[in-house]
Amino acid sequence: MKKTSLSSALIIALAGTLALAGCKKKEETVPPPAASTPAPAPMSEPAPAPAASAVSVTSVTVGNTAAADKSVAPVAMIGSKDKIIVSVKTDGAASNATLGAKLTYQDGQVAGEQSATLNTSGAETTNIEFSKASAWPAGKYRADVTLDGQPVGTTQEFEVK
63 MKKTSLSSAL
73 IIALAGTLAL
83 AGCKKKEETV
93 PPPAASTPAP
103 APMSEPAPAP
113 AASAVSVTSV
123 TVGNTAAADK
133 SVAPVAMIGS
143 KDKIIVSVKT
153 DGAASNATLG
163 AKLTYQDGQV
173 AGEQSATLNT
183 SGAETTNIEF
193 SKASAWPAGK
203 YRADVTLDGQ
213 PVGTTQEFEV
223 K
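Adding 62 to a residue's 1-based position in the sequence shown gives its number in the numbering used here.
These are computed hints drawn from the structure, not numbers from a lab.
Every residue, glycine too, gets a C-beta built ideally from N, C-alpha and C.
Some hints here could point you the wrong way.
[As the list claims (entries may be wrong)] Simulated restraints, written as ranges between beta carbons of each label pair:
1) Gly141 to Ser183: 30 to 40 Å
2) Met139 to Asn189: 35 to 45 Å
3) Lys223 to Gln171: 26 to 36 Å
[Unchecked claim] Distance condition first, Cα-Cα at most 20 Å in a straight line; then the derived PhoX-like pairs of lysine-lysine:
4) Lys223 to Lys143
5) Lys194 to Lys151
6) Lys145 to Lys164
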């Protein structure tokens with residue numbers, strides 16, 4: 063009986079060894095990247111968005127009248143029948159950049175959204191006007207500005223009485 067038990071034990075050990083050897087991963091050699099290939103960015107940091115234009119927003123003002131030079135005096139209260147002007151001062155160069163303005167009512171509802179195409183090579187003021195045939199609902203509003211879809215400037219808050 064010792065021969066049969068020893069033979070069985072050897073066969074089981076041999077089968078286990080073969081099974082383990084078959085499961086072992088083969089090591090593959092990967093050639094190192096070429097020296098001219100840049101290293102990929104780490105996954106934890108988002109890749110910077112490509113610069114669409116070299117223009118920046120220097121100020122955002124909300125008012126209801128514009129001067130001849132497009133400047134707008136800031137106001138905190140606007141009449142319900144007044145037009146709302148979002149005045150955006152920019153500096154730098156841009157070709158076909160999209161400047162957007164969005165008015166949001168106090169309950170989160172979008173009260174108006176418009177855009178303008180910006181072509182400039184220096185300091186410029188762009189006014190985006192919102193008007194309504196009926197009266198603006200009384201309450202608090204927020205004006206947000208975007209440049210090529212990215213938020214810029216400081217959010218302006220005002221009230222319609």
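Here is how each hint holds up against the structure:
no., hint, verdict
1, Gly141 to Ser183: 30 to 40 Å, "holds (37 Å)"
2, Met139 to Asn189: 35 to 45 Å, "violated (19 Å)"
3, Lys223 to Gln171: 26 to 36 Å, "violated (19 Å)"
4, Lys223 to Lys143, "holds (9 Å)"
5, Lys194 to Lys151, "violated (24 Å)"
6, Lys145 to Lys164, "holds (14 Å)"
Checked against the numbered hints above, the structure breaks hints 2, 3, 5 and satisfies the rest.
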